[in-house]
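So the sequence shown is numbered by my numbering: it starts at 897 and just counts up by one.
Because the hints were derived from the structure by calculation, they are not lab data. Check the hints yourself; a few may be wrong.
[To be verified] Cross-link-like lysine to aspartate or glutamate pairs, in silico, EDC-like; alpha carbons within 16 Å at most: (1) K956 to E919; (2) K955 to E919; (3) K964 to D926.
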Amino acid sequence: MSTQILPEQKTTPQTSHGDGDHERFAHYADRNKITEAMVTGTPIRALCGKVWVPSRDPKKFPVCPECKEIYEGLPDGEPNNE
Numbered sequence: 897m898s899t900q901i902l903p904e905q906k907t908t909p910q911t912s913h914g915d916g917d918h919e920r921f922a923h924y925a926d927r928n929k930i931t932e933a934m935v936t937g938t939p940i941r942a943l944c945g946k947v948w949v950p951s952r953d954p955k956k957f958p959v960c961p962e963c964k965e966i967y968e969g970l971p972d973g974e975p976n977n978e
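Whenever a hint applies, use it, and build me the whole structure from the sequences.
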């Protein structure tokens with residue numbers, strides 16, 4: 897096992913939704929990608945299409961209604977492959 901120092905990257909997460917309401921919700925995304933994004937600081941895409949870097953406790957926010965609707969429509973056991 898080796899250690900590597902990666903260059904600092906600046907990211908500007910943007911959403912395709914201009915109303916700003918998506919900042920008030922907890923979003924659904926692949927669990928492994930959420931963990932990786934929290935560690936590396938790289939943006940990920942939620943089921944609803946919002947791109948962000950997870951950094952807050954999602955339990956403090958209501959679930960995004962669009963993410964919830966999409967999630968409930970997925971077949972059981974099918975991961976989000978984005």
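Right, here's what the structure says about each hint:
1. K956 to E919: Distance ~12 Å between K956 and E919 Cα, so the pair holds.
2. K955 to E919: holds, 14 Å
3. K964 to D926: With Cα atoms ~13 Å apart, K964 and D926 stay inside 16 Å; holds.
In summary, the structure agrees with every hint in the numbered list given earlier.
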